[in-house]
Amino acid sequence: MIKNYFKIAWRNVLRNKGYSLLNIFGLAIGITCASLILLWVEDETSYDESIKDKNLVFKIPTNQKYDGEWRTFFMATPGPLAGVLKEEIPEILKTTRLRDQDFLFSVNDKNVKSFGAYADQDIIDIFNLDFIEGNAKEAFNSKHGIVITQKVASILFEKNKKVIGETIEVDRKHSFKVTGVIKDLPDNSTHHFSWLVPFENFTDGKEWSKDYGSNFTDTFVKIASGVNVDEVDEKVRAILPAKTGDEETKAILFSANDWHLRDNFKDGKIIGGRIEYVQLFSLIALIILAIACVNFMNLATARSQKRATEVGMRKALGSGRKQLIFQFITESLLTAGLASIISVIGLLLLLPEFNLLVDKNLSLDYTSPLHVFSLLAITLISGLLAGLYPAFYLSGFKPIDVLKGNPKNSWNASLIRKCLVVGQFATSIVLIIGTIIVYQQVDHIKNRNLGLDKDNLIEIPAAGGEIIKNFKLIEQELTSTGLVQSTGLMNSHILSEGNNTSSIRWAGKPENSDILISFRTVTPNFFDAAGMSIKEGRGFGKSKAIDSSSVLITETFAKLINTDDVLGSKIYWGDDELIVTGVVEDYLYGDMYGNSDPVVFFHEDEGADYMYIKPTEGVKTSLVLDKIEEIFNIYNPGFPFEYNFVDDSFNSKFKSEQMIGDLSKIFAIIAILISCIGLFGLSAYMAEQRKKEIGVRKVLGSSVLKIVKLLSKDFLILIFVALLFAIPLAWFIMHNWLQDYAYRINISWWIFALAGFMVISIAMLTVSFQAIKAATANPIKSLRTE
Amino acid sequence: MIKITNLEKYYETEEVQTIALNKLSFEVKEGEFAAIMGPSGCGKSTLLNILGLLDDPDGGSYLFNGIEVAGYNESKRAQLRKHNIGFVFQSFNLIDELTVFENVELPLIYTGVKPAERKERVHEVLEKMQIMHRRKHFPQQLSGGQQQRVAVARAVVNKPKLILADEPTGNLDSTNGNEVMDLLTELNEAGTTIIMVTHSEHDAKFSHRIIRMLDGQKVTENILV
Numbered sequence: 007m008i009k010n011y012f013k014i015a016w017r018n019v020l021r022n023k024g025y026s027l028l029n030i031f032g033l034a035i036g037i038t039c040a041s042l043i044l045l046w047v048e049d050e051t052s053y054d055e056s057i058k059d060k061n062l063v064f065k066i067p068t069n070q071k072y073d074g075e076w077r078t079f080f081m082a083t084p085g086p087l088a089g090v091l092k093e094e095i096p097e098i099l100k101t102t103r104l105r106d107q108d109f110l111f112s113v114n115d116k117n118v119k120s121f122g123a124y125a126d127q128d129i130i131d132i133f134n135l136d137f138i139e140g141n142a143k144e145a146f147n148s149k150h151g152i153v154i155t156q157k158v159a160s161i162l163f164e165k166n167k168k169v170i171g172e173t174i175e176v177d178r179k180h181s182f183k184v185t186g187v188i189k190d191l192p193d194n195s196t197h198h199f200s201w202l203v204p205f206e207n208f209t210d211g212k213e214w215s216k217d218y219g220s221n222f223t224d225t226f227v228k229i230a231s232g233v234n235v236d237e238v239d240e241k242v243r244a245i246l247p248a249k250t251g252d253e254e255t256k257a258i259l260f261s262a263n264d265w266h267l268r269d270n271f272k273d274g275k276i277i278g279g280r281i282e283y284v285q286l287f288s289l290i291a292l293i294i295l296a297i298a299c300v301n302f303m304n305l306a307t308a309r310s311q312k313r314a315t316e317v318g319m320r321k322a323l324g325s326g327r328k329q330l331i332f333q334f335i336t337e338s339l340l341t342a343g344l345a346s347i348i349s350v351i352g353l354l355l356l357l358p359e360f361n362l363l364v365d366k367n368l369s370l371d372y373t374s375p376l377h378v379f380s381l382l383a384i385t386l387i388s389g390l391l392a393g394l395y396p397a398f399y400l401s402g403f404k405p406i407d408v409l410k411g412n413p414k415n416s417w418n419a420s421l422i423r424k425c426l427v428v429g430q431f432a433t434s435i436v437l438i439i440g441t442i443i444v445y446q447q448v449d450h451i452k453n454r455n456l457g458l459d460k461d462n463l464i465e466i467p468a469a470g471g472e473i474i475k476n477f478k479l480i481e482q483e484l485t486s487t488g489l490v491q492s493t494g495l496m497n498s499h500i501l502s503e504g505n506n507t508s509s510i511r512w513a514g515k516p517e518n519s520d521i522l523i524s525f526r527t528v529t530p531n532f533f534d535a536a537g538m539s540i541k542e543g544r545g546f547g548k549s550k551a552i553d554s555s556s557v558l559i560t561e562t563f564a565k566l567i568n569t570d571d572v573l574g575s576k577i578y579w580g581d582d583e584l585i586v587t588g589v590v591e592d593y594l595y596g597d598m599y600g601n602s603d604p605v606v607f608f609h610e611d612e613g614a615d616y617m618y619i620k621p622t623e624g625v626k627t628s629l630v631l632d633k634i635e636e637i638f639n640i641y642n643p644g645f646p647f648e649y650n651f652v653d654d655s656f657n658s659k660f661k662s663e664q665m666i667g668d669l670s671k672i673f674a675i676i677a678i679l680i681s682c683i684g685l686f687g688l689s690a691y692m693a694e695q696r697k698k699e700i701g702v703r704k705v706l707g708s709s710v711l712k713i714v715k716l717l718s719k720d721f722l723i724l725i726f727v728a729l730l731f732a733i734p735l736a737w738f739i740m741h742n743w744l745q746d747y748a749y750r751i752n753i754s755w756w757i758f759a760l761a762g763f764m765v766i767s768i769a770m771l772t773v774s775f776q777a778i779k780a781a782t783a784n785p786i787k788s789l790r791t792e
Numbered sequence: 034m035i036k037i038t039n040l041e042k043y044y045e046t047e048e049v050q051t052i053a054l055n056k057l058s059f060e061v062k063e064g065e066f067a068a069i070m071g072p073s074g075c076g077k078s079t080l081l082n083i084l085g086l087l088d089d090p091d092g093g094s095y096l097f098n099g100i101e102v103a104g105y106n107e108s109k110r111a112q113l114r115k116h117n118i119g120f121v122f123q124s125f126n127l128i129d130e131l132t133v134f135e136n137v138e139l140p141l142i143y144t145g146v147k148p149a150e151r152k153e154r155v156h157e158v159l160e161k162m163q164i165m166h167r168r169k170h171f172p173q174q175l176s177g178g179q180q181q182r183v184a185v186a187r188a189v190v191n192k193p194k195l196i197l198a199d200e201p202t203g204n205l206d207s208t209n210g211n212e213v214m215d216l217l218t219e220l221n222e223a224g225t226t227i228i229m230v231t232h233s234e235h236d237a238k239f240s241h242r243i244i245r246m247l248d249g250q251k252v253t254e255n256i257l258v
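Residue numbers (the numbering used here), protein chains in the order written: chain A, 7 to 792; chain B, 34 to 258.
Watch out, some of these pointers could steer you wrong.
In the DSS-like style, the derived pairs of lysine-lysine whose C-alpha atoms are separated by at most 27 angstroms in a straight line are [said to hold, decoys possible]:
{"#": "1", "chain 1": "B", "residue 1": "K238", "chain 2": "A", "residue 2": "K410"}
{"#": "2", "chain 1": "B", "residue 1": "K161", "chain 2": "B", "residue 2": "K109"}
{"#": "3", "chain 1": "A", "residue 1": "K13", "chain 2": "B", "residue 2": "K36"}
{"#": "4", "chain 1": "A", "residue 1": "K410", "chain 2": "B", "residue 2": "K109"}
{"#": "5", "chain 1": "A", "residue 1": "K410", "chain 2": "B", "residue 2": "K152"}
It should be emphasised that the hints constitute simulated quantities derived from the structure, not laboratory data.
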């Protein structure tokens with residue numbers, strides 16, 4: 007029987023090639039799209055799987071209360087916390103601190119910059135690091151021991167060489183002996199490091215790192231299995247207040263299960279993160295698949311008259327309804343199966359492009375049961391989704407009606423078909439409107455006044471090496487070439503959150519105010535290089551000594567001080583009395599969508615992390631870069647020349663939004679494409695059905711235009727109905743999405759008009775093709791066929 | 034074999050009720066060949082559909098082999114139909130996507146006959162209908178006469194007790210029509226009961242008895258042999 011079903015199904019595919027192509031092609035696009043999204047979802051949801059006891063591993067951020075609101079900070083625990091947690095909370099079995107850093111490794115003539123971390127021995131157990139050489143017990147025994155990953159080992163040393171005991175020169179200053187080689191961490195790990203050295207290497211000589219005054223490291227813990235996590239969390243929260251007496255800074259447990267997908271905190275609690283995008287795109291995958299299935303349903307029921315005789319005859323010959331349902335579902339499954347085969351080819355072709363888009367390394371693994379099973383499941387789901395309704399519909403024909411030449415069905419297929427078309431187009435319109443708004447919002451932020459000039463601004467990592475020591479010489483040399491306008495150092499990345507404190511005081515500061523003030527150390531020409539304008543007073547002078555008690559502040563900070571003449575006002579930090587000598591225009595850093603905290607600038611070059619260089623206007627950038635490299639090779643010898651553009655760093659801050667915009671654009675195009683494929687098929691059948699009517703109308707004198715209008719009108723009404731549903735829905739969804747951004751656009755009416763115009767044009771173009779074909783056909787032919 | 038008593042069937046639209054069968058009664062014995070004649074709209078096809086268990090009567094009794102089947106539901110009717118009744122239609126109603134062999138095989142599949150036996154029985158009946166050489170062809174590749182022979186083959190392959198033929202020669206020329214009538218006669222002579230609806234006096238003469246209908250009622254009954 008099944009063989010018979012397949013035979014019929016296959017012959018139906020071959021007999022109705024055009025119809026089958028529309029169905030298979032539409033479903034293939036849907037399945038490909040859904041599979042790509044699922045691969046992405048699989049990757050997103052499988053982060054940190056290399057940590058064996060993921061449920062027992064936690065990161066420790068701190069919740070800090072400022073002006074009545076809890077703010078959550080990562081990389082913000084004090085040095086002693088890890089040790090105290092292990093000592094005082096019995097449920098905590100392992101703890102490690104982790105502070106990342108870039109190192110320059112040199113072995114013989116090989117120089118490699120590598121990103122890694124200072125850590126404690128327990129990191130091996132917490133992250134389940136897998137040793138290929140050396141062993142976990144001894145790896146952290148020596149302060150100058152270093153554990154490297156397989157990849158770093160393969161770059162620095164010869165292939166197959168045993169590297170335990172080999173020496174690596176670090177930043178041209180220190181020597182470390184390799185004590186272990188570990189397997190590379192998987193790409194989908196939240197925390198990456200290519201090397202580890204004992205934490206003392208960071209803390210030795212830094213007395214401040216041994217007390218509770220500075221939050222400078224990440225802390226990770228592993229708890230015993232079977233313990234109550236909430237109780238442990240309570241104990242962890244109590245530790246810092248007990249040690250410092252400060253009830254407004256609390257360490258909290260943050261589960262490894264949430265690191266990647268739920269890292270967005272508000273008022274000290276998780277409110278979401280990438281999980282929202284995972285959910286959104288899973289939903290979009292399902293919607294696209296459903297849109298593709300709708301085509302199958304609509305075409306199947308539209309051409310049901312052709313199948314009615316077969317149904318009637320089969321029933322007369324003894325077939326039950328169940329058997330017919332099964333037969334029609336076999337047909338839809340066969341179509342879905344063929345579509346899946348095409349999808350696999352499509353997936354292989356599209357994956358490289360998709361990987362570029364989502365910045366991942368996804369692949370289809372034929373040996374993975376999950377992938378094979380998922381593809382089968384998608385095929386089955388789409389086959390059933392597409393086939394169930396037509397199966398019930400088609401099998402419902404009564405043989406008596408069919409044999410009388412008047413097949414009837416109790417289902418109102420035409421109404422259902424109209425509803426499904428409205429649904430398809432409404433979804434497409436929502437996606438189009440969503441895409442326009444996402445792009446508009448990203449564009450809005452990108453064109454925001456940043457208070458600095460990011461264009462053509464070069465950033466060079468300055469930590470390690472000789473850059474800070476030789477800065478004055480480098481600056482002199484660079485400006486003397488005439489290629490560089492100005493240059494400066496800063497102790498953090500110009501666009502990042504950086505360091506802050508709530509202990510700065512000034513006259514008139516409310517007693518209970520603990521507002522956060524960011525602090526930056528810069529060199530005098532930094533402001534000019536960064537294009538930041540000094541609104542009042544002066545910038546820093548050449549001599550650090552003269553400026554030892556001078557500070558510049560941003561406009562927001564000046565407003566806080568709230569005095570008629572802010573220049574000359576005094577602010578205090580610890581025992582230091584500082585005098586405001588200039589006011590800098592507010593600039594944006596950290597959260598590009600919000601408003602930045604006030605900033606105070608100090609004249610200091612020590613501890614700088616980045617050097618910023620602004621080339622002279624009109625000079626070719628490549629020429630400037632060549633010159634900079636030449637000068638750096640002299641003053642920072644042995645270190646590879648690395649640079650970046652602030653513009654690129656800025657753009658990378660919108661990676662998620664940009665990706666969402668790009669993906670929505672693609673999904674919107676796909677949704678409208680699939681919908682139009684369905685509309686194309688449907689209009690072809692409608693034109694076919696009304697062939698006689700068109701013939702008679704033409705014979706009676708109707709013009710081609712009138713007939714095109716007649717055939718297109720019904721579809722146009724459907725698109726208008728779709729717009730009526732889609733516009734409020736899109737407004738509601740996007741209005742809510744925009745609420746997450748403090749700096750956002752207003753949704754304008756023209757977005758809806760544009761989306762409507764686009765969809766109506768595309769749909770009419772699709773329908774009119776068939777309508778014109780039918781209207782220009784010779785009426786004699788259509789009448790003769792009757 | 035078939036006994037209908039006061040059989041009634043109405044068709045209703047919103048405003049009009051049409052009586053298709055009006056308290057119709059007659060009997061057809063096993064092995065008989067009966068022809069039903071009458072003008073268009075007299076209820077012939079309605080009667081045939083009810084006799085073929087494709088439709089329900091609205092009143093009266095229908096005894097099939099002594100069993101009352103008038104109130105049977107669709108699945109019970111299907112069961113009875115597939116084991117006992119074969120159909121031959123004016124427009125052949127072959128399934129375009131199936132070959133001659135597969136079309137004839139279909140009733141056997143629905144009655145659960147094993148593949149080997151199916152093959153044997155289909156070949157046997159195709160030989161008998163002289164269309165064996167066309168077994169791999171699709172219906173559109175055959176002439177009208179050949180298509181109707183396939184339809185007859187399909188009707189008899191399950192060895193039904195009753196064949197219902199609705200204008201079996203309506204779409205055929207006289208040569209092909211006579212061939213089909215000869216086939217039906219042969220089947221009847223072999224013991225199959227046949228009830229045939231026809232407009233053709235010529236075809237009706239092949240039967241044993243002609244029942245003439247008008248407005249859903251039997252008007253005359255002529256016994257020919």
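- So which of those numbered hints doesn't the model satisfy? Hints 2, 3 and 5 not satisfied by this model.
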